[in-house]
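*Asks:* Using UniProt numbering, read the sequence shown as starting at 1 and increasing by one per residue.
By construction, these hints were calculated from the structure, which means they are not laboratory data.
Note that the structure is predicted; figures quoted are calculated from it, not measured.
Incorrect hints may have been included.
[To be verified] Label-pair ranges, simulated between beta-carbon atoms:
id, residue 1, residue 2, range
1, Gln42, Thr189, 34 to 42 Å
2, Arg95, Arg162, 19 to 27 Å
3, Arg36, Ala164, 29 to 37 Å
4, Thr45, Ser136, 44 to 52 Å
5, Gly106, Gly134, 31 to 39 Å
6, Glu69, Arg107, 22 to 30 Å
7, Ala47, Pro212, 23 to 31 Å
8, Arg70, Ala226, 25 to 33 Å
9, Gly93, His58, 22 to 30 Å
10, Val218, Ala105, 18 to 26 Å
11, Pro86, Pro133, 40 to 48 Å
12, Ser192, Thr45, 43 to 51 Å
13, Ala47, Arg162, 51 to 59 Å
14, Ser103, Ser136, 48 to 56 Å
C-beta: ideal position from N, C-alpha, C; glycine also.
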Amino acid sequence: MDAGGDGTVTVLARGEGLAAWRQIADGVAADIEAGRLGAGAQLPTEAALAARFGVNRHTVRRALAALAERGLVRATQGRGTFVETPRLAYPIGRRTRFSEIVSKAGREAWGDLIGTETVQADPATAEALEIAPGASILALQTVHRADGTPLSTARTCLPLPRFAGFDRAYATLGSLTRAFAEYGIADYTRRSTRIHARPAAADEAARLDLAPGRVLIVLTSVNVDAAGVPIQATRSLFAADRVELVVEG
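Take these sequences, add in the hints, and give me the full structure.
*Replies:* Written as structure tokens, this is what we have:
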């Protein structure tokens, strides 16, 4: 079953006990697995698929939702539905750099700042940053992309007043590493990383273009400067369908 956009009509089996939406989903999945729909390819619109299979758009929408739940496609608001790309190998070690990892894989890296606030450090964040509980910190909410595909969303906390204005530097440069360089930090290392997994909440799924309930890999990490002083405490949520964590020795 070719789900391309050449205008031909695909006749579905009727009266055989297999719902139309399931036949469409299985057909598109077969095209993806056979390579007829390559990684990153855009699927035809709902209207075009409905015309192709002789069904209504609700049936097509249910088929696409089933494919998203299987991690085969992702729906991007205002752009359409795309075949998921292969998982990106993401090393976790002393020098974990999102931009470097993505660039080495031949993909374009960028981070979007979607929110910022100055808050008081809770006890866990204060301990991670080695500051007093209740001290002021800058919290950034970000989304990190590879070739436009969101791989992770994160909440990054930085101590104040050392990093006052860091949000503006990040918004301009799209990279934590480049923003840290603006503050005289040429290099930094990972002190600790904790990893677990859980289902995505609705707002998290929306930020990552995921079907609700898809699995997230949660990384809680602390980075330090050359003097061993904590500069960053981050909780990152990775789309498990899009990355493969590689823990380095």
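*Asks:* Each of the hints needs a verdict: does it hold here or not?
*Replies:* These are the hints, each one checked on the structure:
{"no.": "1", "hint": "Gln42 <-> Thr189: 34 to 42 Å", "in the structure": "holds, 40 Å"}
{"no.": "2", "hint": "Arg95 <-> Arg162: 19 to 27 Å", "in the structure": "holds, 21 Å"}
{"no.": "3", "hint": "Arg36 <-> Ala164: 29 to 37 Å", "in the structure": "violated, 53 Å"}
{"no.": "4", "hint": "Thr45 <-> Ser136: 44 to 52 Å", "in the structure": "holds, 48 Å"}
{"no.": "5", "hint": "Gly106 <-> Gly134: 31 to 39 Å", "in the structure": "violated, 45 Å"}
{"no.": "6", "hint": "Glu69 <-> Arg107: 22 to 30 Å", "in the structure": "holds, 25 Å"}
{"no.": "7", "hint": "Ala47 <-> Pro212: 23 to 31 Å", "in the structure": "holds, 24 Å"}
{"no.": "8", "hint": "Arg70 <-> Ala226: 25 to 33 Å", "in the structure": "violated, 45 Å"}
{"no.": "9", "hint": "Gly93 <-> His58: 22 to 30 Å", "in the structure": "violated, 47 Å"}
{"no.": "10", "hint": "Val218 <-> Ala105: 18 to 26 Å", "in the structure": "holds, 22 Å"}
{"no.": "11", "hint": "Pro86 <-> Pro133: 40 to 48 Å", "in the structure": "holds, 43 Å"}
{"no.": "12", "hint": "Ser192 <-> Thr45: 43 to 51 Å", "in the structure": "holds, 46 Å"}
{"no.": "13", "hint": "Ala47 <-> Arg162: 51 to 59 Å", "in the structure": "holds, 53 Å"}
{"no.": "14", "hint": "Ser103 <-> Ser136: 48 to 56 Å", "in the structure": "violated, 34 Å"}
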